[in-house]
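Going down the list, the protein sequences come from chains A and B.
Following this note's numbering, the numbering of the first sequence begins with 1 at its first residue and continues without gaps.
Following this note's numbering, the numbering of the second sequence begins with 1 at its first residue and continues without gaps.
Bear in mind the hints are in silico, worked out from the structure with no lab data behind them.
Possibly wrong hints are sitting among the right ones.
[Said to hold, decoys possible] Capping the alpha-carbon separation at 20 Å, the derived lysine to aspartate or glutamate pairs in DMTMM-like fashion look like this:
hint: 1; chain 1: B; residue 1: K444; chain 2: A; residue 2: D94
hint: 2; chain 1: B; residue 1: K453; chain 2: A; residue 2: E48
hint: 3; chain 1: A; residue 1: K96; chain 2: B; residue 2: E506
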Amino acid sequence: MRRAAGLSFLIGILLTASAFAGHPEYLFAQAVAKYQQADYSAAVELNERLLKETGVESAAVYFNLGNSYFKQSKLGPAMLNYLRAQRLAPRDADIKANLVFSRQAVEQYESEKQQKEVSRWVAPFMSLSVGEFKWLTAFVWMLTGLIFLGLLYGGWPMKRVLLFTGASLVACIYVTAAFISYLSDNHGRSVAIKPADARFEPSEQATVYFKVPEGAEIKALHSNGDWLKVQRTDGRTGWVPSAAVGEI
Amino acid sequence: MTVTRRIRMLFLSVCLVLTSAFLAVAEDVSFDAALDADRVVMGTAAQLTLTLHGSQDLAQIALPPIDGFEARFVGPSTQIRVVNGEYSSAKSFIYMLVPLKEGKFTIPSVAVQVKGQTYQSRPLIVEVVPASAAPAGSAPAAQDPNALDSQAISDRVQMRVSIPKASTYVNEEIPLVIKLYVRELPIQDISMPQINQEGFVLSEFAHPKQYQEAVDGKPFEVVEFDTLLTPTHEGEVSIGPAAISGNLLIKNNVQRNPFGGGVFDDAFFSNFFNSYQKKPITITSRPFPLKVNPLPQDGKPQDFSGGVGMLAFDVTAAPLKLKAGDPVTLKMTVSGTGSLKAVKMPDFKDDRFKAYDPQIKVADGQKTLEQVIIPLKSGTIEIPAISFSYFDTSAGKYTTLTRGPFSVDVLPMDKGQEFQAVGFADRPVSLLKENLGNDIVFVKDISGQLVRKKDWAGRNGLLLLVMVVYLNVWGALFGIYLYRRKLSDDPCFARRSAALRLARQEMLGLKPLMVEGGAKDFFAGLDKILNSYLEKKFNVQAGNTEFAVIENVLSVRKVNNKKIADLKLLRELAERARFASASVSVPEMQRSFFDMEDILDEIERRVK
Chain A
1 MRRAAGLSFL IGILLTASAF AGHPEYLFAQ AVAKYQQADY SAAVELNERL
51 LKETGVESAA VYFNLGNSYF KQSKLGPAML NYLRAQRLAP RDADIKANLV
101 FSRQAVEQYE SEKQQKEVSR WVAPFMSLSV GEFKWLTAFV WMLTGLIFLG
151 LLYGGWPMKR VLLFTGASLV ACIYVTAAFI SYLSDNHGRS VAIKPADARF
201 EPSEQATVYF KVPEGAEIKA LHSNGDWLKV QRTDGRTGWV PSAAVGEI
Chain B
1 MTVTRRIRML FLSVCLVLTS AFLAVAEDVS FDAALDADRV VMGTAAQLTL
51 TLHGSQDLAQ IALPPIDGFE ARFVGPSTQI RVVNGEYSSA KSFIYMLVPL
101 KEGKFTIPSV AVQVKGQTYQ SRPLIVEVVP ASAAPAGSAP AAQDPNALDS
151 QAISDRVQMR VSIPKASTYV NEEIPLVIKL YVRELPIQDI SMPQINQEGF
201 VLSEFAHPKQ YQEAVDGKPF EVVEFDTLLT PTHEGEVSIG PAAISGNLLI
251 KNNVQRNPFG GGVFDDAFFS NFFNSYQKKP ITITSRPFPL KVNPLPQDGK
301 PQDFSGGVGM LAFDVTAAPL KLKAGDPVTL KMTVSGTGSL KAVKMPDFKD
351 DRFKAYDPQI KVADGQKTLE QVIIPLKSGT IEIPAISFSY FDTSAGKYTT
401 LTRGPFSVDV LPMDKGQEFQ AVGFADRPVS LLKENLGNDI VFVKDISGQL
451 VRKKDWAGRN GLLLLVMVVY LNVWGALFGI YLYRRKLSDD PCFARRSAAL
501 RLARQEMLGL KPLMVEGGAK DFFAGLDKIL NSYLEKKFNV QAGNTEFAVI
551 ENVLSVRKVN NKKIADLKLL RELAERARFA SASVSVPEMQ RSFFDMEDIL
601 DEIERRVK
């Protein structure tokens, strides 16, 4: 009787463990534990599993994954995951600090002096994630519509209604333009996950134009087979193998 | 000369050159060497010309080492000649041979490869003789590539190197003057003197001076190059030979052009063939011996600054009366003759003062050190004497110069001033230097909000739903507003809109009349409702609802003809029941009621 009870308890534990094994929170906790034990490769594996198998993501997962890669001296994947984390949580101080620290380790060539400035439209909204920015844009439009209706039902003269609504519309157009610019700036944002030669043509035989150091932030423009046309911050473009680039 | 004629001549010239190039293919190839003189005076240079005839296919020559000479490549030269249709070409490589010792030497055979064939020049014998007539410290020498008499050129071009003394010390800075004397020779493109700096270093040459000077009663144009020489090793050092290169202008003395008239008698070609030619020339000096003595070890002070020469040292401190916390500027100056760059300025260290990093600069023949020091106590504090040791070359011994001490009166701070925030940064508070660590921030132990991965555009179902609902509500509210506004602004629209609703309400009141014997009242009510409806719907005045008018309107609005006929029948039935007291059964009343409803529906559908 006691043996049967022990067996059923063990089966229960195993079933419970197997039920939780693929759960994102479980994988996350396991990855943190491995990191604390300085088993960084296992931490990387668990976090990658979490992202791949469960199909969910969070800033904390990317942040921890970036840390695990960084501890393994893999600067490119570390930068990629820090930037992915920042995409989801742009105001997180820890992410910002690790990004600044990692960027110091990324090689930069003297010729690449001209850094692309953030578009003026976007600058006031840089601390928003894409989701927040989207809600803000929708909210501004809804607010404008409500103001319009409120003024109409409030019995305001049509001239005044149009004046106030016009002003609100200007704000809507500004926020929308900023949102489009924000999406455009972030579209194709990528990181070199390993050093690569940017060539004039998508071919190994083509002349090397410039070197893309590991961890460099670049923009993917379009692909051609196994090659990707990238643009670095000073505007120079070249073809690199797709495997060397990870999109944020 | 007309433009047409010029073009024609140019065309002919081009044809001639192309033809010549074609002929060159069949030209014989040979290679030889030539010296401008078989006897060279020590301190002068000879010109070695290696010429390849009949081909231009030679980029460079690997000249073997030549015993007794230092070879310097001057440059290549190409010659193309067409005489009476005969084409010949040659490419020459010119070297300046500077003799290193006296005696008889052989210029070895030089081999070159042209189109797979090897060609060799013949060996040449040359004798180097001493320059017994030349004055000490100078050795005029010039190489004339035009094969002029070497001695004649030497009379017109001379170079002299001079230093003020023949013996010096290591690290002592002494002036070096190189003078180029030129008489009745046009020389251009004069370079800065080149000199092997083994055992000494030269400062940058100052801007050359140019003036006239008489030598042996003959006027010379003089170009003077001044610099400073600093020996770096002890022992015998050879200054030179120094070399200056330039271009000698030689006028082509051609009376007629070599092509013998015709189109080449033109002024254009005459000017071309009679132009000046630049021939490279190198003037060298004789080596000048200099004895370099080591600095003595005896009596060498521990704080020896490395300064060698005749130096002066001065120290100032200001202000000497100040309040606690105020700075004193300590200024040390080393000036005089000597290598100031090598001088190490004295260090100031004293626990009673907080010393900031000094600012050191060399300018205007002196080296200065400025240092801000702040007394850490109030009262009279002494800045200790500061010493500077150097090697005095005039006395041949080490000298130590001491300046100071300086007494500083430090007044206490005014009452209450100690606690003022203003000027706090200037107060001599000793802060420990902190080195902050730098590493990544530790991992997060809370996963945060785990959400489904999205693309950059961020498709969001909730947002889409909110927007759809919002737009619908907004549209409805806006529609209601417009409808209400029209109702209030347009009475006709208001009547038309209310027609059906009122008719239906009133028809409900007819239902109790649909009983046996109630036909008269029922049809009276029905007729009244119908007229009222038609008046409102078609905006006609009361009493203007004759069937003919209504039929016309309904036909125009494409109301079903059957319904129009039903309407006609209904009105006739109503009139008969009302005025002829015709008996109408209850089913007929009910059918009339439903017909009425159908007619109203049809009109509503057709007439908006």
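Status of the hints after comparison with the structure:
Note on K444 of chain B and D94 of chain A: the hinted pairing holds, with a Cα-Cα distance of about 9 Å set against a maximum of 20 Å. In summary, the hint linking K453 of chain B to E48 of chain A is supported, as the alpha carbons are separated by about 13 Å, within the 20 Å threshold. Annotation: proposed proximity of K96 of chain A to E506 of chain B is violated, straight-line Cα distance about 75 Å (limit 20 Å).
When each numbered hint is compared with the structure, a violation occurs for hint 3 only.
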